[in-house]
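Listed below are the residues making up each chain.
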Amino acid sequence: MRGAVSVQGITKTFGGLAAVQDVSLDVKPGEFLTLLGPSGCGKTTLLRLIAGFEEPDRGAILISGRDVAALPPNERPVNTVFQHYALFPHRTVAGNIAFGLEMKNVPRSEIPGRVEKGLEMVRLPGFGERRIDQLSGGQKQRIALARAVVLEPEVLLLDEPMAALDLKLRKEMQVEVKNLQERLKITFVFVTHDQDEALTMSDRIAVMNQGRVEQLGTPEELYERPRTRFVADFLAVKNIVEVAVESVEGGKARVRTGGGTVLFAKDDGGYTVGGKAWIGVRPEQIALSGGAENSYPAVIDDEIYLGDCTDWQVRVGQDVLTVSEQATSARGRKRGDAATVSFPAEAVLRLDDKPAPPA
Amino acid sequence: MADSRATLRSSPGLALFSALVYLFLYAPILVLVVFSFNAGRLTAEWQGFTFAWYAKLLHNPQILSALRNSLVVATASTVACTILGTAAALAFHKHRFRKQAAMDALITVPIVVPEIVLASSLVLLFAAIGLRLGFFTVILAHIAFSVSYAVVVVRSRLAGFDRSLEEAAADLGAGPWATFWKVTLPGIAPGVLAGALLVFALSIDDYVITSFVAGVGATTLPIQIYSMVRTGISPEINAVSTILLAATSLLLFAAYRLEQGRSARTAVIPIVLSLGLLGAPFFLGGRAASGDKVLNVYIWSNYISPETVKKFEQRYGVHVNVDLYDTNEAMLAKVATGNVAYDILCPSNYPVESLRHQNLLLPLDHTALPHLTNIDPRFLDQAYDPGNRYSVPYFWGTGGIAYDKTKVGTVDSWAALWDARWKGRILMLDDPREAIGATFKWKGLSYNTVDEAKLFEARRLLMEQKKLVKTYNASNFEDVLLSRDVWLAQGWNGQFAKVMADDHELTYVIPKEGASMFVDSLVIPASAPHPELAHAFIDFTLEPEIAAEICRTMQYSTPNRAALPLLPAAIRDNPAIFPPDDVVGRLELIHDIGESTVLYDRLWTEVKTSE
Numbered sequence: 001m002r003g004a005v006s007v008q009g010i011t012k013t014f015g016g017l018a019a020v021q022d023v024s025l026d027v028k029p030g031e032f033l034t035l036l037g038p039s040g041c042g043k044t045t046l047l048r049l050i051a052g053f054e055e056p057d058r059g060a061i062l063i064s065g066r067d068v069a070a071l072p073p074n075e076r077p078v079n080t081v082f083q084h085y086a087l088f089p090h091r092t093v094a095g096n097i098a099f100g101l102e103m104k105n106v107p108r109s110e111i112p113g114r115v116e117k118g119l120e121m122v123r124l125p126g127f128g129e130r131r132i133d134q135l136s137g138g139q140k141q142r143i144a145l146a147r148a149v150v151l152e153p154e155v156l157l158l159d160e161p162m163a164a165l166d167l168k169l170r171k172e173m174q175v176e177v178k179n180l181q182e183r184l185k186i187t188f189v190f191v192t193h194d195q196d197e198a199l200t201m202s203d204r205i206a207v208m209n210q211g212r213v214e215q216l217g218t219p220e221e222l223y224e225r226p227r228t229r230f231v232a233d234f235l236a237v238k239n240i241v242e243v244a245v246e247s248v249e250g251g252k253a254r255v256r257t258g259g260g261t262v263l264f265a266k267d268d269g270g271y272t273v274g275g276k277a278w279i280g281v282r283p284e285q286i287a288l289s290g291g292a293e294n295s296y297p298a299v300i301d302d303e304i305y306l307g308d309c310t311d312w313q314v315r316v317g318q319d320v321l322t323v324s325e326q327a328t329s330a331r332g333r334k335r336g337d338a339a340t341v342s343f344p345a346e347a348v349l350r351l352d353d354k355p356a357p358p359a
Numbered sequence: 001m002a003d004s005r006a007t008l009r010s011s012p013g014l015a016l017f018s019a020l021v022y023l024f025l026y027a028p029i030l031v032l033v034v035f036s037f038n039a040g041r042l043t044a045e046w047q048g049f050t051f052a053w054y055a056k057l058l059h060n061p062q063i064l065s066a067l068r069n070s071l072v073v074a075t076a077s078t079v080a081c082t083i084l085g086t087a088a089a090l091a092f093h094k095h096r097f098r099k100q101a102a103m104d105a106l107i108t109v110p111i112v113v114p115e116i117v118l119a120s121s122l123v124l125l126f127a128a129i130g131l132r133l134g135f136f137t138v139i140l141a142h143i144a145f146s147v148s149y150a151v152v153v154v155r156s157r158l159a160g161f162d163r164s165l166e167e168a169a170a171d172l173g174a175g176p177w178a179t180f181w182k183v184t185l186p187g188i189a190p191g192v193l194a195g196a197l198l199v200f201a202l203s204i205d206d207y208v209i210t211s212f213v214a215g216v217g218a219t220t221l222p223i224q225i226y227s228m229v230r231t232g233i234s235p236e237i238n239a240v241s242t243i244l245l246a247a248t249s250l251l252l253f254a255a256y257r258l259e260q261g262r263s264a265r266t267a268v269i270p271i272v273l274s275l276g277l278l279g280a281p282f283f284l285g286g287r288a289a290s291g292d293k294v295l296n297v298y299i300w301s302n303y304i305s306p307e308t309v310k311k312f313e314q315r316y317g318v319h320v321n322v323d324l325y326d327t328n329e330a331m332l333a334k335v336a337t338g339n340v341a342y343d344i345l346c347p348s349n350y351p352v353e354s355l356r357h358q359n360l361l362l363p364l365d366h367t368a369l370p371h372l373t374n375i376d377p378r379f380l381d382q383a384y385d386p387g388n389r390y391s392v393p394y395f396w397g398t399g400g401i402a403y404d405k406t407k408v409g410t411v412d413s414w415a416a417l418w419d420a421r422w423k424g425r426i427l428m429l430d431d432p433r434e435a436i437g438a439t440f441k442w443k444g445l446s447y448n449t450v451d452e453a454k455l456f457e458a459r460r461l462l463m464e465q466k467k468l469v470k471t472y473n474a475s476n477f478e479d480v481l482l483s484r485d486v487w488l489a490q491g492w493n494g495q496f497a498k499v500m501a502d503d504h505e506l507t508y509v510i511p512k513e514g515a516s517m518f519v520d521s522l523v524i525p526a527s528a529p530h531p532e533l534a535h536a537f538i539d540f541t542l543e544p545e546i547a548a549e550i551c552r553t554m555q556y557s558t559p560n561r562a563a564l565p566l567l568p569a570a571i572r573d574n575p576a577i578f579p580p581d582d583v584v585g586r587l588e589l590i591h592d593i594g595e596s597t598v599l600y601d602r603l604w605t606e607v608k609t610s611e
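Protein chains in written order, with my numbering: chain A, 1 to 359; chain B, 1 to 611.
Isolated chain B (complex conformation) (with noise of 0.2 Å):
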């Protein structure tokens, strides 16, 4: 020990080097803590301290309940990966196994497979045996992923485990399980619990296999936070993120005085804290009335407020489960499965058209849902979906410009973004169909064009035009906007307008050749459990005070007509929420275009990646 002290203070480039290192591990954590206090709402800049995001944290059951659910089922795979890979590495420490090699090879191959292929067989697996995908099927997974990385943790830890210490123990008088007890378990604890540790974190971030085998009830923190990616992550997730590092090193603390050898009693305080952080959230928030009956919806975060739902629940004395989704694809993909148990989804207008074709769509009784009148017609009978027999429009929004008003005057077509004059100070949608739309909107054509020629054209004008750009950006736009790094940033409205609301110096607009309009759908999978609930569900947001309250409190545009006369005046004239009727009549929806995808995300690819 000495001596490794005396070899490092020898050497300053050594230990410069070892500080380097620390510093790049752990500078994004504290960024991170940081910025969980900052008054703005951007990471990018100080604002002063605050604690409101924790304040609006304990006020934010989605992400409470989401929290609550990772750390059950990390909790819970931690248990079972723990007793799992103890027991597994205890065995292969005993016992020769014939084959061994190959044994070995086996138990590590979990760890080594593409995250996505265990994912896509785990998915397999359980539509074979007949599991509905739901929260057990996600404990069971991350258990399946997770208990290899306990088995060569806790092996390791006994290749370095004395065994003369067993030998000791039994010649004492100690039974087999006595000598587990006192001798092979305090030996091997600090490979256990680092075991047990890894287990949790590989438990708490998993996405992707999450993503595949969740279900009913089963959104964990990771998915939540993916899912608000489409509607702006808010620094609630830094105050969630600090809690849980705060209570993780907290435990780290406490296994490192036991560790010592300390009394028990100097680690109690720091279990306590950490304790009391973790258990937290399930004294929060509450937990939602429980029925016998549920209606299981799944939807895009920050689409459906919790008061509302909590309505619903109450008018009709059932549990709502709300999971959520990132991408229509991940949500496609899901639903595909036949394995799930939603009742209710909320697809963009041309997966409609996508889960319509497969027949994954329950047609809808309209008898059942008297407040249909209450939608725009100008939303009904869309070429996705002839007659709304499958679907009802949720929400609508536009893909425009949003910029600086101050720094590039008035805009008022997409050709500001090929403008010289604002070189570097361009943000395009890094979204193949919205950035080559725009260019074909920008030339008089159609968001939907599919003629290969006219797309080589656009492919020519965005290269053409990737001089001028700053980034490409789909996830956070709007932000980047907020902060002036770019000062025309395209992108659409709802996020916008949620930072326009803080910043009178942005202005959106719809360019005179037109923009894109996309339409989000209430529909009911033909497998759903519940469909008289999921109809009643409906028709409840079809209510004037309910479509008033969900566009008021999630800000998208709502097509219900009679919802309007309740909004504040300050949604109901925001431009960037409600474009005027004659701006309404530029917008074009993007259709399914089929195969003609593939040369459109070939063509974005080679725009991006070019010189």
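Bound conformation, chain A alone (with noise of 0.2 Å):
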């Protein structure tokens, strides 16, 4: 049990407005669990909570099979790194490395060694002696690091912690820390609202959304079979609109969009005859080429270039599309080019429009 975390219908509200609204949540021991939402859905809330500067109005957190409610944020076995570090200023690098473990009433003699043990692991051995404003960006990041880890906390808990690094560094870091979490074999509670940094580095993601869990799943079941539109829209699935369903049988649903394109969907089950349902394709499964079984000719309205991919926005009849393309397959197309987009039933997404009310 050591590391677990277990969240058990946790509300909270400020003045009136719920920042978490009945959420449970188990994080296994050793897990690298991201929640991940964008801003205001309550995700550094639930972080919070968790490491006791806020308490629940309602619900139960256990760490480690202990119920914490009684516990101030210093008695906790978890500990926190900031979204903008949080390093005491006024303290050498190995002061503030030191900070815990002097609290923790470690002995004096080992808090140098085990100072530089925490400088090792983020790799900035020989920093002790510096002061905070030294420091760039990432060396802060890493030094916040192991000012939590030297502690061994159970569960560390991580706010954000990338949001001030440039794109290379957050790179660089993603793969760092999540080395540093296989090694120590801690829990990490990780926040963020980057997508592709949750999808990266975590064991499993729960996406947030007004206070909500609205999907549990590790990357993969995330990004390939995303359950709401709200997640959808936030994991990059840029097509997505709402259609009648005008028949379903052999497996495939055949749909029609408001804008009058009629397409085929592999059935999941949802699909109900003469109803309305929701859909998403993700614009890198669809092709500029025909070939697979929803195809239809189309016109180029507009190019977004992006380096290693170019986004197309196409338009088939009435409907607007994103098309991605990797770099080395985009060849000399034009805006007012005529083409020809495909996509299988299999990348046809149902959607809920809601999340289901939890179980």
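To be clear, the hints were calculated from the coordinates, so they are not data collected in a lab.
Just so you know, even glycine gets a beta-carbon here, dropped at the ideal spot from N, CA and C.
Please note that the accuracy of each hint is not assured.
Label pairs and their in silico Cβ distance ranges [what the hints assert, rightly or not]:
(1) A:Asp133 <-> B:Glu115: 39 to 47 Å
(2) A:Pro89 <-> B:Asp104: 23 to 31 Å
(3) B:Pro12 <-> A:Leu184: 36 to 44 Å
(4) A:Ser39 <-> B:Ala27: 50 to 58 Å
Computed, partial: chain B to chain A, Cβ under 10 Å [to be verified]:
(5) Gly175
(6) Pro222
(7) Asp376
Assemble the dimeric complex from its two separately framed chains, guided by the hints.
In structure tokens, the structure reads:
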């Protein structure tokens, strides 16, 4: 049980507004769990509830099987890496890392050794005597990590720790943090609004919206089978429309968009003939060529060059689709050109309008 | 940082402007420091380098004691305000109170309330709760007016303080107390320190409130300095100020080193030096012998020498507190509160009348004053106190003209102050009774004339004279004459006598038409806690040897006949100190003229503000 976090029916409101609504969540020992969502979705509040900076209105939190409701932050077996690092500016790097050890009454003679071990862990050996304002953003990030992990917490909480880093550094740190977690085998609860970060690092991801967890799953599950409009949208399934279901037969549903385009979708049992449904198609699963089951003539409206790939805005009848193509295959198309787009029925995801109420 | 520097360099106008601002800020301080080493008495003229004023300071127990008092008050209020202010600022920062805006406003009110209002309300409060004015009330008052500043300064620092640091500390295992000491306090330390320095500075130089709430044994440096205005501010004050400046600069420097995160060792030397300077007055000049019994004397500065006080202390085995005031009005206000414990006061003649009418004086027991017979009868039984039931003359003096005889020849009439030949070389006392009175005297009238038509005529004469007058001054007129900014000056003899000792081209005259005379007397307030000892003190000052010593050390005219033979010839034969008998007959006391005072004040303001 050491390292397990169990969030049970937690609700937290601020001035009448619910920041976290009846959330239940189990984090397994040693797991890297990410809380993903836009700002205001309640992910940071949930993290702060676990850390003890906020008190829940309702519900219980168990860490390593123990109810921590009565414990102030300084007595909980968790440590936090803060969004803006929260390093103590009046202490040196070593002084920052030593802070928690001093508070835990680690014998004085042991502290320097453990501090240096912490610095090695984040690959900054010998940085102990530096002042905080002499560090770069990435170095501060690592010191904040070291400060937390030297205390060998049962759970490490990370609040958007990379939000302030530039893209390149963020990619490096993602790998480093993930490696660190695998080495230490500590449970990580990681908060981010960056879906790429979440997909790269996590064992499981909880996508949060308006104070609730809309979907919980592994990165693969989420990527391949987003359940709701919100989760699909957040995970960059760009082509999301409402459709009318015309027929369901042979494991396929025939649906029509508001723009009049008719397409086939793999039936997951959620389509009702004569009813409405929401569907989504990932841009990278649409080809700018014929051949797949759903195939349409189209006109190129716009081009968004993204370096490693290009997003094309194409018009199919009254509908507009986003098609993503690897840069190597972008072949001198320009606006106004005619093209063909196609995608298989398996690429069409059926989405719930609202999340199912918690079981 | 680099950017702002580049901007400054690229606009020389701004750099010049900044330099001017600094010059404006620091030039006066620089002048003060330089002139604390000036051999001459005058601040206007450099007469060679000397440490003399610092040496004299070491032997001036009054200034040292005032400095001690100021430092104790400032330190106590700084410690109290820093703790209270920081705690209050933290409370405001952490909790949202109901009526937050009102609370915010209430905290800042003491900053904007006029000092005089706060001062009077504190006096009332202390009286209401039965707290005797003294040292403790000064500390309380200083805390009351400074704590808001501490709150405001610390709060502004807290506003920029990253609260997540406190959460980080808690997260790392620190409880609330450890979080405060190890994270919050170091984070806001610059603000706390700035607040402390501000409170210290406010306390060190507060005059208005202190003068209201100070009681026995609570004469601070600003009160000491103001009280010296009447008898002459000496350059020792420049020396005191320079020492204070050096000490606080060293403290600031130490704070800066610490703030920079240097090791504490680099701050040790400035801190030790600073504390050495500030602590010196506590070891120098010795503390007066302490006895069980005390006598509390409230008197003008430079009116009694420390040696004389010491003799009395030794003879009676008591401790004497000497506190100072700068105007009769300040003393009257303090005594009128009925909340001070003074045994001896030294009012001028007309305030004696006013104290008498308010029943604030104790009738004297003449059997306890056997040496009263030593007083020259010419100074006894005056209109302000018939039969000397309440007062015993202590010093007397005259208001005449001092001038440079090498420049204006011989002067024997007030008419000289209206002589067009001395245009721009004349100084008049900035005092309605003396200036208007001298005009009356010139025209053969009394200093105490209250006839309106005659007063308007006097105003006309003074307005006519104005184009000849260089300046109106009642504080350091003797220095203005000494520096020869003027050649003729109306003024009181005591101050003139001091500068005439060094400058033999100056002389002092009582004009043939007559001049004003004042008598400062010792009295015992009705509320005196030690009336017997107070009688003993008055009689002590009447003894010939003691009266002669007081006269010799303070250089004011003594009314004590028996003391005259014991005085050195230089003083006894100085016509500025002891005018000849025929001249004394031409002197007139200035009386309390009741409601006419208002008209005097109005006419005098009109003269000074006329074109």
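Structure-based check of each hint:
1. Take A:Asp133 and B:Glu115: their Cβ atoms lie about 42 Å apart, and the range 39 to 47 Å holds.
2. Here the CB-CB span from A:Pro89 to B:Asp104 is close to 28 Å, well matched to the stated 23 to 31 Å.
3. A hinted range of 36 to 44 Å is violated for the C-beta pair B:Pro12 and A:Leu184, which are about 59 Å apart.
4. Separated by about 54 Å at the C-beta atoms, A:Ser39 and B:Ala27 satisfy the suggested range of 50 to 58 Å.
5. Look at B:Gly175: its Cβ gets to within about 6 Å of chain A, closer than 10 Å, so that hint holds up.
6. A least Cβ separation of about 37 Å between B:Pro222 and chain A goes past the 10 Å threshold, and the interface hint is therefore violated.
7. Because the beta carbon of B:Asp376 sits about 73 Å from the nearest beta carbon in chain A, more than 10 Å, this interface hint is broken.
The structure fails hints 3, 6, 7 (numbered hints given earlier, in ascending order).
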